[in-house]
Each structure stands twice: as structure tokens, then as C-alpha cells.
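Q: What follows is each chain in one-letter form.
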Amino acid sequence: MAVARIRQLTYRYPSSDRPALDSVSLELRAGEVVCLLGPSGGGKSTLLRALAGLVPHFHGGVFSGRVEVGGTDTRRARPAELAGTVASVFQDPEDQVVLTRVDAEVAFGLENLGTAPHEIQPRAAAALDSVGAGHLLERRTQELSAGELQRVSIASALALDPLLLLLDEPTSQLDPEGAEEILDVACSGRTVVLSEQRPTLALERCDRVLFLEGGRLLLDAPRCEALEWLAEHRPAYLPQFRVLTGEEDVGSGEPLVRLEHVSYAYGGRYAVGPASLALRRGEIVALVGPNGSGKTTLAKLAAGLLEPAGGEVQLRGRAAYLSQDPGRYLVCERVDEEVALGVGGDLARARRALDLVHLGGYDARHPRDLSSGERERLGLAAVLVTEPDVLILDEPTRGVDPERKALLARLLRENAARRATLVVTHDQVFAADVADRSVTLGAAREPAHA
Amino acid sequence: MSAVPALALLACLAAAALLADRTVTVAAITVLLLVVCLRAPRRRRWPYLVGTLVSAAFLFLLSPLLGSYGGAVLWEGPSVPVLGRLDVTDDELRYALFQALRLAAVGLAFAAYALLLDHDRLLQAAGRLRHSVLAVALATRLVPSLERDAAGMVEALRGRAVVVEGLRGRARLLSPLLAGSLERSLNLAESMEARGFGRPGRTRIPRPPWSLVERAAVLAGLLLVLGAVLWL
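Going down the list, the sequences are from chains A and B. Each residue of the first sequence is one higher than the one before, counting from 1 in my numbering. Each residue of the second sequence is one higher than the one before, counting from 1 in my numbering.
Excised from the complex, chain B in its bound form:
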């Protein structure tokens, strides 16, 4: 499937997950998106999957402690200043699961966009939104390039008899990684300017029309959003 219908389908799935009222619907969308993300190479997919699933897990664990939605009390904890008494009820757990699945679905839709879509094709199809789409595409590349830089940095330091260990050791790399990425962005901006970016009258490579399957996929996505609003 080409990039634009695939993006439309992913956007529909994320929207349906946000609009649906039933946990089982959101869970089904989350599982579907997880399966899609697992098609990406293992080396590239792990930061996205870990980031999304850990965030969702945190939301699931913290939300019942901090929220208050009534229901049968399953556990009662100590009283904490500002937060008051900590407790977990069955309704809070259900609500936390629902919100965590929503977060996971949206995160996985973004992961699928970042990992599997051809951003160049999106850019070519962007028309007047070209500048914004390019900015999003470049920002999306930040995660893999930071990951690559971090691996290179750890290896270069090992070559200098410096061992990077533990969370503290890795945290020390954040500032140089950020400095490196800023330096790279400036070089890239210079290169783009020298290659005529931003000049009026640009053209684009002709792109093939959408196939029947692609049209059907986008239609199915829109129907899913409608269904999420009305019934799911």
C-alpha cells in the first residue's frame, strides 16, 4: 500500500481508538496495530514499542492510585499528603485499562507511521503542506538517528577505555547527543538551502493513482471511525 492511503488508514485507526467507548474495541485496535508494528525490523522497532508500551503500563498502574471513580474497593493504602488516601477500585482499574489501551493504540499508530511508511512519498504527495510534512518527517528521523549516534558514542568511548555503565553513565550521554543533533540540524538546513529548498515554483515526480485496494482501505478506515462514534 502506498504512503498516503496507509497514513489515512492509520489516522482512522487512531481516531477510532480515541472515539470508541468499549474497551474491547480499543483492545482490538491496539492488537491490530501491534501486529502491524511487529512487521518492522526488530532493531528499529524496539525504541517505539518499548516507549509506547511502558507509557501505557505507567498510565495503567498510576491512574487507579490517583483517580477517584467510585466502585468496589479492592485495595486501600496509606494517606499521602496532597493526594489523600490511596486506593484501588474495580471501576478505577477498568477505566485505567481503557485509557492505557487508548494511549497504546495512538502510540502504536505513530510507531507504524514512523517505522513502516515511506516518508518521501508522503512528502511528494504533500502539495502545499510540503514544508510541514518535511518538518514532521525530519523530526520522526530524530529517534533512529539519536539511537545510532548513542551506539556509536558508546563504541567510540569503549575504544578509549571508557566504559559507559548504568543509567547514570547513559544519562551523561544525553547532553552531547543533543549537541550533536543540533549541529547536524544546522548542517542539514544549510544543505537544504543550497539545494533550493523554499524556492517558489517547485514541481514533483508524477505519482501513480491509488489502486482499488488502497481506496477500499481508506473507505474501511472512515467507516471504522463512523462506527466508533455511533456503535463501538
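Just chain A, with the same shape it has in the complex:
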């Protein structure tokens, strides 16, 4: 039985002159887990919005073709009416939280759908339990980490028990174990469309794979057939692991960063420590560990952005730090000016840095008009342009497609000799691709040494 049908869907956003989706047709069958792959800006999020009715109702634009979900034509039903039949988890959990307490947040959708009052609390609690977030029930949403917020967002969708679950990069903020756990829960017993830029886990669990590029559906095939197609046409989407250890010989470059038994606390709660870490010129180190283990805090300590509560930080040379989600922190009106900000307005240097991250020709665009993956690369250009001795990147692959990740890894490796590089990441494939060695942080408050 078909849960959703798309016939010849072509859609163009109001601000764009080319279609985001071009003659897309497909059918989603009950209980099927579909993995949606493709490059950034290829139309994945738009396809999910079309299935939720948000395209065209919320975004406007030019829409032709037909989308039916649970037998309802989405042109005739507003997204709020489709809610419950469809549930969506969007890319950025911070932007979808409506309320201030976790229990109320998960109950929000259930209340809107008119669930019987006595069922709301038990269903919200059960959904939180199922994603391993039962302990967050009474917490304030502003106090949660990005990974915790992502679990709450997924619980909010699962609580509705939808016919069709749409997940747009639902594990981008989760450590590999957490991501595996969440996908197991989300993909059991319902129809799921799962868009992922870390496709390893999704490819293990799916029944079928779709590949969208430039708005066109290049592939719609069962998993086995799709893996063969990917191997031939898009190998970057298949996991190519090498084992990364903490022991690899990295030569004898001069030490640029040394953290000795450093610790740091936010409002009395220790986020790091005591932990030690050394970085030499010429090496790329991946900093990995579970959500909440203090990776970002340690990275900020290494960059000199935080003062340790205890221990010692020695930093030689100039450090640059690319924050998580740099797209939020863009301050200029043009892409080239944004990059030039760190080098006293030198636009020529800025354009060279933009070329390095494959954003040449974007100079005059407004930074906020770029896609999330492009913003991530813009942020990278803005730190690379300063030619730092120590380069620290915090989750630099969020929203970046596998082919761009491979290019990013190559770029970092080509320039590795000039500096020491620390990459904080949950992306095991990227870490293995880019780093010489990895440092694993344990859970918060446990000592970690490397």
C-alpha cells in the first residue's frame, strides 16, 4: 500500500529562477525506510517539505505536479492538517523548539492534534524514553546541548505516531552510538524518509535509496542495487574506513599547543577535565567522544578563547577557531567582505580563500542566501584566510555532503604541513579520512589524556 505518491513534481522557490525539484515522481510504501542522498542544495530538504505540505503552502513559489500523503492531496490540505499523518524533524533542532520545558515541548504537537488530555503526558514521556531522553523531561530547553535538543525534536515527532516520518539530517549533532540508537528507534515499524549527509548508518538500515541532484531524481532503487550504483557513480557516499588510532607516528613537528591537565566549569559543573592534549605542526588530530564530553570546551581552551579553571595552556603562534554552525554568526552583507574581515579587509586574499573552499564566484552574494553547507564552507574560508599556525574546526562537516567532505579533507591534508590542525567531529568517516590520529574524550568529569 502506498503511503505517499509524488507525480511529476516540479517546484521553484519564489526567490529562485531554477527549480529546486524537477519532474520528480516516486511512491513510498508502508513500512519502508527510504534513504535520501544527494549534494547540498540538490533538493533533499525541498522534497521533504513537499511531503509535509510546507511546499508550497508555507514557502510559496511555483508548484506543478501532484503530491498525495495518506490519500490527501497536499495542495488541498494545509501542513497543520497533515500534521500527525506526517511528522517532520528539521535540520536545526534549535530552530524548531517552541516551548521552554521539555515535557511541554514534546506535548505541543499532541495538544495541537487534539489528543485526549489524559494520554498526552504518558505519550510524551514514552517518546522521550524511546530516544534515551527520559531524564530530560523536566529540564528547560534553553539549557540543553545541541545533541539533547536533537533527541527532544525526534521525540516530539515520534510522540505523534505518524504514518510518515520525515527526518532531515536527524543525527548531525549526535555521537555515533547515539545516532545508531536514534535511527534504530525511528526506523522501526513505520514509513521513514531519512535525508543524511553521514550516510553510513542510514544505508545500513534502509530498504531503498533515492539520490537527488540539481532537483532531479537520479536514482530510485532498492538498497543492494543502489549500493552498486553509488560505488560506480558516487563512491564518496559509501563508507571507506581506515582504522584511526591514537598511536600513529606524526613526525617531529614543533609543538604548537600543549594543554596540561586543564579543566573548565560552566556555573559549577565541570565540562572538561582534567584533560591533556598536545598538537604539533604538521599533524591533523581528530577530537572525538560522546555528546557532552567537553570536546567543544577543550577546543576553545586550545584556541585561547576560554581561560582554564585549572591546569595550563601553552599556545605558540596564532590560533583560529571555526565554531559549530558558523552560518549563524555571519556579520557582513557580502561573501567576500565576510572573509576579508579577519585580514583587515583584504579582498584579494579573501577571494583566494573562497576559491580554496570552492566558493569562487560567490563574492557578491549575501552570506545568508547561501545553503547551510555553503555557509559552513564560507566559515571555513573566513578562518583559513588568516593563515593560522593552529587551526581548530568544530564540527566542520555538518550539512556538508560526502563529496564536499572529501574535498575538505584533501584541502586540510594538502595544507597540513603549515600548521597544527584539530578537528572536533562526530563524523567517523571524515575523521578517518582527514586525521593522523584521534583523541577520545570520556564522559564529562572523567579525566582524559592524550
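Read the hints as simulated data drawn from the structure, not as lab findings. As the structure is a computational prediction, the values presented were derived from the model and not from experiment. One or more of the hints may lead you astray.
These stretches of chain A come out as covered by chain B in the derived footprint (C-beta under 8 Å, 3 or more residues) [said to hold, decoys possible]:
id	region
1	71-82
2	111-118
3	380-390
Yeah, the Cβ is synthetic: ideal placement off N, Cα and C, and Gly gets one too.
Add chain B to chain A, keeping to what the hints say.
A: Positioned in the frame of chain A, the structure of chain B alone reads:
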């Protein structure tokens, strides 16, 4: 105390401060509200307290210069075009203090609402006013989220070797902060629509009845308003 009686009490205190005629009454309400606000975490309370107290201080300082209420002249300044001669009298000072305390009381009542009340509970209790209460709750969250974004932006810029200094440097962040908050509002609106907001026939989590203390607090608040009108 749960959110609805607490909100009613705060509204009564603000109303009493606006209706009372005696400076000492308004001062007492202001101090009470200040003490309440100081229960909020230091990191969250400072923008509200600074905003309220600085506004009240400005009103206190400027009002005597601009107003003319008679009384004994304490200071006489130059003559300024449009405004005329600047002077400060004892009556003007008293009036300025009274108005500044009123402003502070109302500002602090709002600060206590923003900092200490559970907006989700208010929303659940709102019934037909749900849409309006949600709009107010989301607007109230704007200040802390802008503050968080500003801190993140300054840190991200430091990581790119850009130092944000002085009033001018911070003023340059206003436009991107506003753009970011507009972008976030659109994403939030999309998410709310996808979660069925605005659909008819909504229900709500059953909420516990008001306790005796909560009923007494609301009654005391109403009596305070009545007292402010009649005697205070």
C-alpha cells in the same frame, strides 16, 4: 506558586504601583519586585535589571530638567532653544522620583514575569488566548536568545582574529543579530505549522487546581490594587 496566580499577583503589583499616589508605597512595591527578580540566575537577570534601572534613572535625571511643576528652585541652568531655561525644583525632583519608581516597578514586574514564570504553564492555561499568549512568550524569549547569539557571534569573530570592541563594534552586530533572529522566526513558524499549530480542536494537558496559598496570593494582590486606589 504556579504560573497563572503568579502572573496575576505580578499584574496586581504593577497596577498598584501605577494607581498609588504615595511615593513610599511605590518605593515599597519596587523594592519587593527587585528582591523577587534577584532570585533569578545572575546571568539571565542582568539585561532586564540594567534595562529597567537605567531607564528609571534616565527618567529621574531628565524629568526635572524638562518638566515645570513649580516649587523652590534648587538649581538654575542655561537657556536652551525650544526647551527654554533649565532648572530643577524640589517639587520636580519629588515628581521625577515618583515617576521613576513607577517605571521601575512596572519594568521589574515584567522582568519577574520574563525571568521566573513558567511560560509553558501560562500557555497551557490560556484557553482561547493561546495564540496571543504564545506570541508574547516567544517575544519574551527574544532578549535571552539575542544575548546568546551576540555572545556566540563575538566568540566566533574572535576565533577569526576579529576583535569586537567598544560601542561602535557592538553596534555593528545589531543588524546581523536581527537578520539571524528573523531567519530563526521563519524556521520556527515552519516547524509550528508542521506540528499542527492553528488546527481546530486542540486539547491540553490537565492542570492541577490552584492551592490555598495561590488563591490567597491572588486575593492579596486584588486587595492591594483596591488599597492603592482608595488609600495608598
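Q: Does each hint hold? Answer for all of them.
A: Against the structure, the hints come out as follows:
Restraint check on the region 71-82 of chain A versus chain B: 4 residues with Cβ-Cβ distances below 8 Å, three needed, restraint holds. Counting residues of the region 111-118 of chain A whose CB lies closer than 8 Å to any CB of chain B gives 8, so the stated coverage by that chain holds, three being the minimum. Counting residues of the region 380-390 of chain A whose beta-carbon sits less than 8 Å from any beta-carbon of chain B gives 4, enough to reach three: the coverage restraint holds.
Comparing the model with each numbered hint stated earlier shows that all of them hold.
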